[in-house]
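Novice: Protein chains in written order, with the numbering used here: chain A, 1 to 463; chain B, 1 to 284; chain C, 1 to 283.
These aren't lab readings, by the way, just hints derived from the structure by calculation. Warning: the hint list may mix true and false statements.
[Unchecked claim] Using 35 Å as the maximum straight-line C-alpha spacing, the simulated DSBU-like pairs for lysine-lysine come out as follows: (1) A:LYS453 <-> A:LYS34; (2) A:LYS6 <-> B:LYS96; (3) A:LYS459 <-> C:LYS202; (4) A:LYS44 <-> A:LYS368; (5) A:LYS11 <-> C:LYS230; (6) A:LYS452 <-> C:LYS69; (7) C:LYS202 <-> B:LYS96; (8) A:LYS414 <-> C:LYS69; (9) B:LYS277 <-> A:LYS6; (10) B:LYS102 <-> A:LYS11; (11) C:LYS202 <-> A:LYS34; (12) B:LYS221 <-> C:LYS230; (13) C:LYS202 <-> B:LYS205; (14) C:LYS40 <-> A:LYS453; (15) A:LYS34 <-> A:LYS266; (16) A:LYS6 <-> B:LYS236; (17) B:LYS236 <-> C:LYS40; (18) C:LYS230 <-> A:LYS453; (19) C:LYS202 <-> A:LYS414; (20) A:LYS34 <-> C:LYS40; (21) C:LYS69 <-> A:LYS401; (22) C:LYS40 <-> B:LYS277; (23) A:LYS62 <-> A:LYS232; (24) C:LYS230 <-> B:LYS236; (25) A:LYS11 <-> B:LYS221; (26) A:LYS11 <-> A:LYS143.
This one's a predicted model, so the numbers in the text were calculated from it and none came from an experiment.
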Amino acid sequence: MKENTKSRAVKFFGIFLGAMLIMTVVSRFIVTQKMPVVTTVGIKRESIAHRVEVGGTIEAEKQTPVFVAEGLRVSEVYVKQGSKIGKGEHLMRLDQDYLASETANAEKELEEFMEKGDAYTDGDRTPVFTEGGLRVLQVCVKKGDSVYAGQPLIRLDTEYLSRKINDMEGELDSQRLTRDGMYEAEDSRSAEALSNQIDEKQRELDRYNSIWNDGGTVYSPCAGVVTDMLIKAGDITMEQAVALISSSPEFSGEAERLRRRIDGLKKAAEHLGYINSPAGGLITEATVRAGDLTSEAAAFIISDESSGKLFTGIVPDEEVEYLKVGDKVSISVGGGSTRAKDQKISLMTRKGGDGCRIEVPVESEDIKLGDMAELVTTKLSDERYDCIPFEAVTAEGDKGKVFYITEAEGFLGKEYIVHSASLRIKEETGNMYAVTDLGLTPETLIVRTSSKKLAEGMKVRLG
Amino acid sequence: MINRYDIKRKYRYLPFLLPSAAGVAVFTFLPFADSFRRSFCAAVTGDFVGVNNYKAVFGNEAFGLAVKNTAVFTAVCIPLLIGISFFIAYGLSRVKHIRLIKSVLLFPMAVPTAALVLIWQILFGDAGWINHIITSRGHGAVSFLGSSKAFWVLVGNYIWKNLGYTVLLWLTGIMGVSTSVIDAAKVDGANERQVLFRIILPELKPALYTITIISFLNSFKVFREAYLVAGAYPYKSIYLLQHLFNNWFVNMDLDKMAAAAVVVFSVIFAAAVLLQKVWDRKEV
Amino acid sequence: MRKNASGLPLYIIMAVLCTAVLFPVILAVILPFQAQSELKDTLSPLVNFTGKYSRVDLLPQYPSTENFKELLVYSPEFYRVFWNSLLMVGCILLFQTLVAVPAAWAFARAEFRGRRLLFNVYVIFMLMPFQVTMLSQYLVLDGMGLMNRRLAVILPAVFSAFPVFLIYRGFADIPRDVADSARIDGANEWQVLRYIGLPLGKSGILACVVISFLDLWNMVEQPLTFLRDKTKYPLSLYLPTLGADRGELLLAAAAVTLIPAVFVFVIGQEELERGIIASALKE
Chain A
1 MKENTKSRAV
11 KFFGIFLGAM
21 LIMTVVSRFI
31 VTQKMPVVTT
41 VGIKRESIAH
51 RVEVGGTIEA
61 EKQTPVFVAE
71 GLRVSEVYVK
81 QGSKIGKGEH
91 LMRLDQDYLA
101 SETANAEKEL
111 EEFMEKGDAY
121 TDGDRTPVFT
131 EGGLRVLQVC
141 VKKGDSVYAG
151 QPLIRLDTEY
161 LSRKINDMEG
171 ELDSQRLTRD
181 GMYEAEDSRS
191 AEALSNQIDE
201 KQRELDRYNS
211 IWNDGGTVYS
221 PCAGVVTDML
231 IKAGDITMEQ
241 AVALISSSPE
251 FSGEAERLRR
261 RIDGLKKAAE
271 HLGYINSPAG
281 GLITEATVRA
291 GDLTSEAAAF
301 IISDESSGKL
311 FTGIVPDEEV
321 EYLKVGDKVS
331 ISVGGGSTRA
341 KDQKISLMTR
351 KGGDGCRIEV
361 PVESEDIKLG
371 DMAELVTTKL
381 SDERYDCIPF
391 EAVTAEGDKG
401 KVFYITEAEG
411 FLGKEYIVHS
421 ASLRIKEETG
431 NMYAVTDLGL
441 TPETLIVRTS
451 SKKLAEGMKV
461 RLG
Chain B
1 MINRYDIKRK
11 YRYLPFLLPS
21 AAGVAVFTFL
31 PFADSFRRSF
41 CAAVTGDFVG
51 VNNYKAVFGN
61 EAFGLAVKNT
71 AVFTAVCIPL
81 LIGISFFIAY
91 GLSRVKHIRL
101 IKSVLLFPMA
111 VPTAALVLIW
121 QILFGDAGWI
131 NHIITSRGHG
141 AVSFLGSSKA
151 FWVLVGNYIW
161 KNLGYTVLLW
171 LTGIMGVSTS
181 VIDAAKVDGA
191 NERQVLFRII
201 LPELKPALYT
211 ITIISFLNSF
221 KVFREAYLVA
231 GAYPYKSIYL
241 LQHLFNNWFV
251 NMDLDKMAAA
261 AVVVFSVIFA
271 AAVLLQKVWD
281 RKEV
Chain C
1 MRKNASGLPL
11 YIIMAVLCTA
21 VLFPVILAVI
31 LPFQAQSELK
41 DTLSPLVNFT
51 GKYSRVDLLP
61 QYPSTENFKE
71 LLVYSPEFYR
81 VFWNSLLMVG
91 CILLFQTLVA
101 VPAAWAFARA
111 EFRGRRLLFN
121 VYVIFMLMPF
131 QVTMLSQYLV
141 LDGMGLMNRR
151 LAVILPAVFS
161 AFPVFLIYRG
171 FADIPRDVAD
181 SARIDGANEW
191 QVLRYIGLPL
201 GKSGILACVV
211 ISFLDLWNMV
221 EQPLTFLRDK
231 TKYPLSLYLP
241 TLGADRGELL
251 LAAAAVTLIP
261 AVFVFVIGQE
271 ELERGIIASA
281 LKE
């Protein structure tokens, strides 16, 4: 019986060991199947190469713009962009008839303007007053007239005036009588009040009388120009001024502009309509064509070739940090067919608004004034950033996640475990992301591809 | 002729003994002799420093603690084991069908220590099940492993493991007393107690000797349990000699270790010789 | 007459005793069969004590084999350490026996002057805890260049004094005349050993094998000190590396570790008992 148990136990033990043997192999198979296979890549620490491209044009260092009065018709243009010209030579000719009419128009405009008195500034305007309640017979001057001190401005209706005077005298008499009566009645208070009224009225009468003595004329109190005539024949005068005289007239800006325009037009007329070049050089811009009307912008730009070529352009704000004065850049024309390398930036100034004006002197035979050019440079950032290939990163906006592996000594040998790490993407360079905030040592291996979905803490094999 | 025969006879057994003796010499005896030499030298330089290491060892607090603990442990658990197992064996000797009980009692010896470590932690840990039962009855939690109670936990573990074969040994001894003598005594009117004390016990002296030796041997094995459950620096009441040696080894305090090893060896040697003399037994 | 039937109270006491003795083992076998959700209550207080103590369900509410599946199917490293253990223990047992049997025979049979002394030396070293000789062994093994190799664990164990002691007991039983008569018949010593010693001392040898197996299957200090590569660890070292935080796996692994020990115990229990008895009766 005991032997039986024993031999049975031995048998079972054997079965147990056999099962363990089988399971050894089976479990290794299963676990190997389940394990993801990964490929890895190291972290490269590099500077980011940032390519900056700015468009602009090639100008001469010294250039002279040619402005022409606007609104004139161009009859002929003798030069075009790229042509050479000497000092004093004809650039273009204005239509003389048009010029003449424009001049006349301008003069007329000036006249009208002056007449309107808008030519004069607000400055000192003297108001002219007269008694109210009188009828105007005649207005002697008008706006814009020059007057001398004492010149009659307005004639009043004398008959109206005399009738008025008589009325007033009668009123005064009765008022006086009333007052006397009040005194007798010993109503001194009312008498006093009435006295005041009588005094006032008397003064008014006196004034009217003086006007009568003047012949019923309102004279200008000073010399100057009538800027405003505020009353007309048949009106009854009022408290306000009847006219305004300006004693020190000055020209306004508007008038000045008109005057200058007229001068320019006259000068052009003197040259028979020809506009001549103020300097010798190359025409780098010619914006007018025959038949056009001139505009405010420069009609021509004359560039002094000998003064040197300059690339100018506007650098957008986001690129400004990559450029600084003294950097060597490459200027290329025509899509790269012609290129001047290693040109130094000489100037960077802020324009008002966006961007920064940049100037790069160009030394190159092949690049001509007036060419449309491009400034190209690749700037390596000073800092070195960790760079990780695209496929290793799961990116969301400017944040991303990577998996990396750590080695451990396991019971089966070396084991590799994945961990997750997050980072911030700064930029793309080439086919990699330059990242920051990745707190890993440079020797860490980053998972590039994986045969299965990865999770933190999983064991993996290297593929 | 006889001389040669005798001589040959003596050396005949040499090849039998040689592999074992050689191995023991290489792996145990000679290294220990080397340790003995090292105990008089400094660890790093190898200079002769006399009894400095011994002084260091004896002055070492941890050594004192470990010695005290180990000695106390041995002094407590061996008599306890012997006593308990005797009672059980005596009880078993009175009944039939003890085969199963014997197997059960013997079984803990077969259980690998490492397999039960977690179980001990689940039961006796500070957050363990026994504490759960205690606290749910309203008493405070007891820290079995982190207080002086750890000592008793270890003693309990020792007894648990070694009960089986100790009982077996006693049982064999008890059974070995010839029945005729007992029957004769019973006829003479001796009661159970007298049979026990006058007849059985004296016959058990040889068994006692073996049991003591092997129990002593096994008392050192408790270290494994203590180390796995409570770590390299357990509560001070169960900090044994082996803990000390282990920690010295990890810290490469080789000179102190050598000196202490020699000391321990001497103590055990003395104890074994003493035991032999006391029992007046020849080993062979 | 000693075996009275007055046993009932005694039986009950014994039954209680036996249950108490077996209780930890029962726990070790039941717990791995509980579902992880149940085990959480048991294990998490050990990892992270938040005032709740460990609860143990003696009868699993949701029995499941998921822990064993996790261990046996998805942890190939378990097999690695399992075979490591088996390999090491097997090697040691084999060579240990090969070395110890002749030595024990020599001790039992020979009579030479140094015998008692040598034997006593054996016994003394057998009694030493590993830690005492740990240093010297380390130095020797390091000098031999065996550190971090399995041989570092195998060799010292092969030449251990303990099996010699146990097997000697078994041989010492044999009456001298039996062996002597065989010698007179012309057999040389090896043949005596083989044809007489072995059969008669078989129980002693088997007892030694069983005890050694149970001891070696358990071995912790030697591999811990002498082995560094985790790939060489035996099962008994694998278990401590799983903490309570992987408690489910640990419980399942512990249960599987028990199995070979149980097998050996069941197979060899008789020999074991006999061997133990023999060592007691010898006196």
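Novice: Looking back at the hints listed earlier, which ones does the structure fail to meet?
Specialist: 3, 4, 9, 11, 15, 16, 19, 22, 23, 26
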